[in-house]
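Asker: Protein chains in written order, with this note's numbering: chain A, 1 to 587; chain B, 1 to 616.
Quick caveat, the hints were computed from the structure, so don't treat them as lab data. For every residue, glycine included, the Cβ atom is placed at its ideal position computed from N, Cα and C. One or more of the hints may lead you astray.
For the chain B half of the interface with chain A, some residues (derived, Cβ under 8 Å), not all of them [stated by the list, open to error]:
#1 Arg130
#2 Phe137
#3 Leu171
#4 Val174
#5 Arg253
#6 Gly302
#7 Arg446
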Amino acid sequence: MLRSLYRIWPFLTPYRWRLGSGVAAFGLARLFEALVPFYLAIGIDMLAEEGTADLRRPALAILLAVAARYAVVTYARYAVRSTGLHVASDLRRQLYAALQSQGLKFYNRHTVGDMMTRAVADIALIQRLISMGTILLVILVYATLVGFGFMLYLSPELTLLLIPPLPFVFLYAKHASRNMGIASQAVQERLSDLGTHVQENLSGIRTIQAMAQEAHEMARFGRTNQAYADAFYEQAKVNSLMTAWMPSLAAVCTLTILGYGGHLVMSGAMTVGEFTAFFVYVNMIVQPFRVAGFIINLFQRAGVASDRLHEVIDLEPEVTNKPSGNTPAHIVGAVSLRDLHYQYEPDRPAVLNGIELEIGAGETIAVMGKVGSGKTTLLRCLVRLADPPAGSVCIDGHDVRSYPLAQLRAEIALVPQDPFLFGDSLRANLTYDDPSRDDDAIWHAAQAADLKRTIEGFAEGLDTVVGERGVTLSGGQKQRATLARGLVRNAPVLVLDDCFSSVDTETEEHILAELNRLRRGQTTIVVSHRVSTARHADRIVVLDAGRVIEVGTHDALLARGGWYAELERVQREGADEADFDGLGSTP
Amino acid sequence: MTQQRDYSLFEAELTGAALNLQLLRRLLRWMRPYSVTFLVSAVLVLAMSSLQVLMPIVISLVVIDGLIQGNDTERPDFGMTDLTHWIADFAGMHPLLAACLLYAALQLGWASTGHWHRMTLITSVIKGLRDLRQDLFDHLETRPSSFYDRVAVGRVMTRVTNDVEALYELLRGVGTLIGEFVPFFVALSVMLSIDVPLTLILLLALPIMGGVTGWFRRATSKLFRLVRQTLSSLNQDMQENLAGMTVVQLSGREAQNLERYDAINVENRAHELRSARVETLYGAFTDSMAHIAIGVVIWYGGGQAVQGYMTLGEVVLFTQFINMLFHPVVVLGEQTNILFRAMASGERIFQALDWDEKIHEPADPVALPPRLAGRLQFKDLHFGYDPGVPILRGVTFTIEPGEKLAIVGPTGSGKSTLIRLLSRFYDFDDGLIYLDGYDLNRIHTRDLRRRIGVVLQDFHIFSGTIYDNIALGNPEVTRDKAIDAAKKVNAHAFISALPKGYETPLSERGQNLSQGQRQLLAFARVLAADPEILILDEATASIDTETELLIQDALRKLTAGRTSILIAHRLQTIQEADRVLVLQDGRIEEIGTHEELLEADGLYATLHRLQFQETA
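Assemble the whole structure, with the sequences as input and the hints as a guide.
Answerer: And the structure:
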């Protein structure tokens with residue numbers, strides 16, 4: 001755990017003076033705080049000893065101590081808290097940068113939710129460790145030192161008698177804080193179940209009502225609701241027991257003062273003032289033992305959080321950008337794949353198993369194949385979303401790895417399968433790579449992607465915000481928008497990964513015709529399931545299990561009578577006979 | 001047609017009043033069944049508070065004044081001195097020991113009454129709100145789906161979760177305040193009986209503390225809001241960036257996005273630092289006030305003591321009561337924020353309970369025979385969601401028992417509306433749709449929906465196992481029946497290939513299933529329920545050819561001998577239908593077999609040419 005915590009140190013060094021001065025100020029504040037009961041004791045003793053004592057002196061001393069403490073403690077708390085905030089914000093930036101340099105291998109292993117937990121909960125834990133953990137640690141050390149110091153000065157024997165209950169206070173506090181942690185986690189889980197249940201029900205309300213499932217669902221919700229109530233009750237019980245028994249355990253110390261201290265006062269060995277002051281001091285030393293369990297817990301959790309953060313921050317960028325310097329200034333578009341192998345994880349089967357393919361500049365290629373045959377990975381290798389082994393993917397005769405990454409990805413425009421749009425205006429989405437593009441270019445691309453009429457249908461036009469807080473687009477509209485985003489770049493090489501799956505055939509035909517016109521003489525690679533799409537290509541490449549099994553023109557492949565020909569027949573005639581087995585396995 | 005309310009404005013209808021007594025009264029209705037528990041809790045809090053006040057009295061009045069100083073007090077000590085002496089005499093022990101024993105007893109009493117006060121309070125609150133939440137859910141679950149056309153599910157969901165949570169805070173807050181203020185008044189009365197001027201001087205601190213607390217709340221509430229807003233923008237930015245990482249990297253936007261994120265990050269930090277400054281200024285303030293009060297007690301009380309107006313024990317007692325006097329004010333400041341939030345939440349909850357949109361059920365529903373033939377008649381059906389915007393404009397046709405009818409037409413032609421009306425998701429006039437001769441409006445929706453199986457484009461998966469998702473809680477669908485259904489619709493193969501087969505848990509959105517597999521599962525669900533009429537809204541997304549073939553085959557089995565209405569997007573589906581109905585602008589453009597319509601060379605023939613032109 002210490003090693004994990006130590007890894008936070010580099011983030012603390014810029015703020016070490018701030019933090020150090022804060023810690024020192026806390027010590028001073030404790031001293032001033034301890035002066036209050038000290039002068040209270042003096043004042044009470046002056047009273048007890050009869051006489052015409054002038055009580056202004058102790059009273060004034062208390063007020064001065066209070067004022068000094070206020071100033072010092074305010075500074076100390078701010079210094080420590082602001083350190084925590086600075087570290088958190090630095091960590092956040094670092095994490096964001098680290099996440100952006102990771103690639104598909106990383107995102108295949110880690111979900112967005114997992115990363116969000118690290119960014120939100122783990123950073124918050126580190127921040128709390130610094131802001132609160134430091135304060136608690138300081139309280140623990142100073143309060144114990146100062147409290148014991150003053151008490152030993154007043155009455156050593158009574159002070160020693162107060163020590164035995166303290167370990168029990170600590171153990172109970174540790175036990176209770178563990179139980180509270182468990183109980184509150186259970187409550188969180190049940191609450192999230194509750195949210196999921198409601199969300200699921202309301203978004204599926206049509207299905208539920210169409211299937212007349214209302215009563216069944218209400219009963220099911222009753223159980224989720226009850227489970228939450230039970231967890232909540234359990235948490236309340238743990239908290240309440242802690243509220244009840246913690247002071248009672250501490251009261252053992254109070255009783256010791258009352259009994260033994262009272263005895264000392266009556267026998268004249270101690271003054272009434274000192275006796276009274278002890279009641280205040282005892283709180284000062286019990287408190288650290290009460291929070292110690294909490295501190296340990298906080299340090300442990302922050303240690304885990306630190307590890308989880310560094311797991312990401314310390315990662316090397318997945319794709320290195322080391323341009324060789326001798327690559328051409330602009331890509332023309334000849335692609336050659338030589339014995340291309342690729343696997344995402346060492347322990348999983350390879351996705352590409354020696355692809356050999358030459359694509360001439362200006363050629364239009366359709367890539368086909370079953371799900372999992374490696375089509376998408378092949379396209380990813382072209383722009384190093386999946387980083388191919390050296391020498392296996394060349395553009396215009398140069399290894400893709402020797403191009404500047406920015407150039408490679410700007411001049412080979414890949415439109416991914418998943419139509420992702422940001423929650424922003426259509427304009428911002430379509431010009432995501434270069435916001436300075438003018439509207440003409442956008443409309444041009446929108447026209448080609450058959451999106452123009454859709455945009456014109458929105459009152460706000462290009463400024464229409466899409467996504468959760470704006471207009472919800474249909475699957476087809478989203479796909480056409482991402483297609484327009486790719487087309488607007490007017491790149492020498494255009495790569496479309498199954499971009500027509502949610503577009504109806506009529507629209508697809510229209511877009512393909514547009515593409516044919518626009519991309520004349522430019523390299524275009526298209527992945528598709530439909531023969532009607534593929535037949536427009538100069539050549540068709542069929543992949544199976546990471547290998548090229550057929551290459552040729554539409555007519556040549558039909559004549560060959562292989563997988564493509566069978567697919568064409570099925571899509572043309574439909575499945576009259578039950579011979580879809582033939583397509584399941586490779587011929 | 002009933003007038004439809006626009007729920008998109010519902011947030012604006014909230015009054016946002018801080019103190020809404022009507023709302024509290026309404027809330028109490030849910031607490032009523034648990035009022036006895038609540039009363040017990042109130043009695044216990046009185047006991048707890050009294051014990052809390054008695055403990056310092058034992059220390060100052062009994063021990064310091066009585067035993068140490070040797071002057072028995074004439075002030076009200078609630079019989080503590082007498083009790084101490086009685087214990088001492090009874091057990092034959094030193095009075096100091098007896099005082100310790102008394103103190104220990106008071107402490108244990110305080111701990112137990114406190115615990116049971118909190119538990120009884122929380123029990124009544126938990127149960128009351130559990131019932132409220134259930135009622136709210138039941139209410140929402142039975143709103144017609146037309147209602148959900150116009151409200152965002154997320155917004156409604158938070159009413160069941162977060163808003164009910166806020167009420168917990170409110171009711172618990174009230175309990176906390178009672179627990180704070182009862183000792184406050186008991187301590188105050190003891191202090192007044194000892195020395196009125198000193199008590200009044202100490203009370204002067206309360207408005208100051210109240211004022212400062214109020215300032216602090218105002219100052220921070222604005223800052224906290226800014227902190228929350230920037231923090232949520234930070235999270236949203238990161239979430240979106242992660243979700244669209246491929247696009248970010250393909251567009252080379254990394255540096256620009258980092259800059260954008262860091263700008264929000266810096267802004268957030270600035271707000272955080274500012275609120276930290278205010279909080280630290282306030283944080284040390286309340287305990288400083290308590291310390292100042294100790295100084296005042298020593299100064300003034302000391303003077304009184306010297307002149308014999310106050311005893312030493314009484315001065316000490318005052319210092320011990322200071323916290324009981326000051327703490328409630330701090331808590332009150334904290335609770336007002338909760339109160340504000342809870343009022344708004346309560347209003348949202350009751351507003352949701354007042355949404356009364358519903359589908360009208362027949363007063364005298366007909367009893368359907370055990371097995372329907374399945375003839376459907378549409379008679380000059382006119383319908384529109386909003387007045388003045390007709391969707392269907394006089395649709396008349398009949399589907400014979402066992403017939404398969406494909407409906408095609410451009411987007412917005414009224415296809416989906418037609419099937420929504422058939423499953424009675426909306427109210428419409430009498431005499432428009434007949435099932436086996438019964439007017440649809442005379443059949444209870446519950447009975448109707450058991451006879452009509454609907455497969456929607458977006459198949460909804462419930463969290464649960466595959467079996468649960470096929471059976472949907474219908475006790476008649478046994479495991480064997482479910483497996484049978486799955487086998488028939490070609491779903492058995494992929495289900496058996498899953499690690500746990502039919503017991504495989506499905507996640508909420510069914511991410512662990514492909515589009516095609518979800519479609520097959522939807523078929524299995526309908527087949528298991530075995531309705532007389534099938535409605536299918538075919539998914540548009542293209543599916544790989546193998547799965548596509550499985551689906552077509554399953555569909556053939558599903559529709560065999562069953563009256564079926566298919567909103568078709570695929571040529572295959574249309575060709576399999578007995579007749580094709582072409583809908584345009586809410587009117588029937590053409591109806592007939594595939595061949596007839598091709599021959600007629602009308603709209604269908606045009607659509608067909610465009611969409612399904614020969615591939616060769």
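Asker: Compare the structure with each hint and give your call.
Answerer: We went through each hint and held it up to the structure:
no. : hint   : verdict
1   : Arg130 : holds, 4 Å
2   : Phe137 : holds, 5 Å
3   : Leu171 : violated, 12 Å
4   : Val174 : violated, 15 Å
5   : Arg253 : holds, 7 Å
6   : Gly302 : holds, 4 Å
7   : Arg446 : holds, 5 Å
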